[in-house]
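For the protein sequence lines, the chains are U and H, in the order given. According to the working numbering, numbering within the first sequence proceeds without interruption in unit steps and concludes at 80. According to the working numbering, numbering within the second sequence proceeds without interruption in unit steps and concludes at 80.
Any given hint could be a false lead.
Given that identical chains are not distinguished, each listed pair holds provided it fits within a single copy or across any two copies.
[Said to hold, decoys possible] In silico SDA-like cross-links for lysine to any residue, where the CA-CA straight-line distance does not exceed 20 Å:
1) Lys-56 with Leu-15
2) Lys-56 with Thr-70
3) Lys-20 with Glu-46
4) Lys-41 with Met-1
5) Lys-3 with Ala-25
6) Lys-20 with Ala-53
7) Lys-11 with Glu-52
8) Lys-20 with Asp-44
9) Lys-41 with Thr-12
10) Lys-11 with Ala-55
11) Lys-20 with Arg-5
12) Lys-3 with Ser-36
13) Lys-11 with Arg-61
14) Lys-3 with Glu-46
15) Lys-3 with Leu-15
16) Lys-20 with Met-1
17) Lys-41 with Ala-53
18) Lys-41 with Ile-72
19) Lys-41 with Thr-70
20) Lys-11 with Thr-70
21) Lys-20 with Ser-36
Hints in this document: simulated from the structure, not taken from any laboratory.
2 protein chains.
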Amino acid sequence: MMKARVTVTLKTGVLDPQGKAIEGALGSLGIEGVASVRQGKVFDIELDAGDEASAKAALERACERLLANTVIENYRVELV
Amino acid sequence: MMKARVTVTLKTGVLDPQGKAIEGALGSLGIEGVASVRQGKVFDIELDAGDEASAKAALERACERLLANTVIENYRVELV
Chain U
1 MMKARVTVTL KTGVLDPQGK AIEGALGSLG IEGVASVRQG KVFDIELDAG DEASAKAALE
61 RACERLLANT VIENYRVELV
Chain H
1 MMKARVTVTL KTGVLDPQGK AIEGALGSLG IEGVASVRQG KVFDIELDAG DEASAKAALE
61 RACERLLANT VIENYRVELV
């Protein structure tokens, strides 16, 4: 059983209203110095695969087809 | 300006229906071998702070007060 972490983040230039809201809320809570916040998603995945290469290939397919919207998001696959 | 990544994940034992749905969807898409999926959040934060220690302290305060629900979630702060 392999463990992987997939991180999906917005591409540079894509607006992130949720991140902006968090930025404002942190200021209201008195947490100073925050210049920007951008929110993304993380998926911790356990999978059975013959080897690292086939695990990575399956995870990349998962990102392209379901986990990320590649028009506006980048993804990164790490085996952990 | 410092850059940090905050990762918020569900604690072990907390049900993750969204992760379960993704698990099922990956199977339907023909991506085999996925045993479990758990979804979390990631925040990429830029902040001004005097030094690493005060940046970490501010980010931990942000997690405790806003970014994580510490009843059901763990958080991890990394300066990148």
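To see whether the hints hold, each was checked on the structure:
no., hint, verdict
1, Lys-56 with Leu-15, "neither (29 Å within a copy, 26 Å between copies)"
2, Lys-56 with Thr-70, "within (17 Å within a copy, 32 Å between copies)"
3, Lys-20 with Glu-46, "between (32 Å within a copy, 12 Å between copies)"
4, Lys-41 with Met-1, "neither (23 Å within a copy, 24 Å between copies)"
5, Lys-3 with Ala-25, "between (34 Å within a copy, 19 Å between copies)"
6, Lys-20 with Ala-53, "neither (38 Å within a copy, 25 Å between copies)"
7, Lys-11 with Glu-52, "neither (27 Å within a copy, 27 Å between copies)"
8, Lys-20 with Asp-44, "between (26 Å within a copy, 12 Å between copies)"
9, Lys-41 with Thr-12, "both (15 Å within a copy, 18 Å between copies)"
10, Lys-11 with Ala-55, "neither (25 Å within a copy, 25 Å between copies)"
11, Lys-20 with Arg-5, "between (25 Å within a copy, 16 Å between copies)"
12, Lys-3 with Ser-36, "between (31 Å within a copy, 9 Å between copies)"
13, Lys-11 with Arg-61, "within (19 Å within a copy, 27 Å between copies)"
14, Lys-3 with Glu-46, "within (5 Å within a copy, 29 Å between copies)"
15, Lys-3 with Leu-15, "between (31 Å within a copy, 19 Å between copies)"
16, Lys-20 with Met-1, "between (38 Å within a copy, 18 Å between copies)"
17, Lys-41 with Ala-53, "neither (23 Å within a copy, 26 Å between copies)"
18, Lys-41 with Ile-72, "both (13 Å within a copy, 17 Å between copies)"
19, Lys-41 with Thr-70, "both (13 Å within a copy, 18 Å between copies)"
20, Lys-11 with Thr-70, "within (9 Å within a copy, 29 Å between copies)"
21, Lys-20 with Ser-36, "within (7 Å within a copy, 32 Å between copies)"
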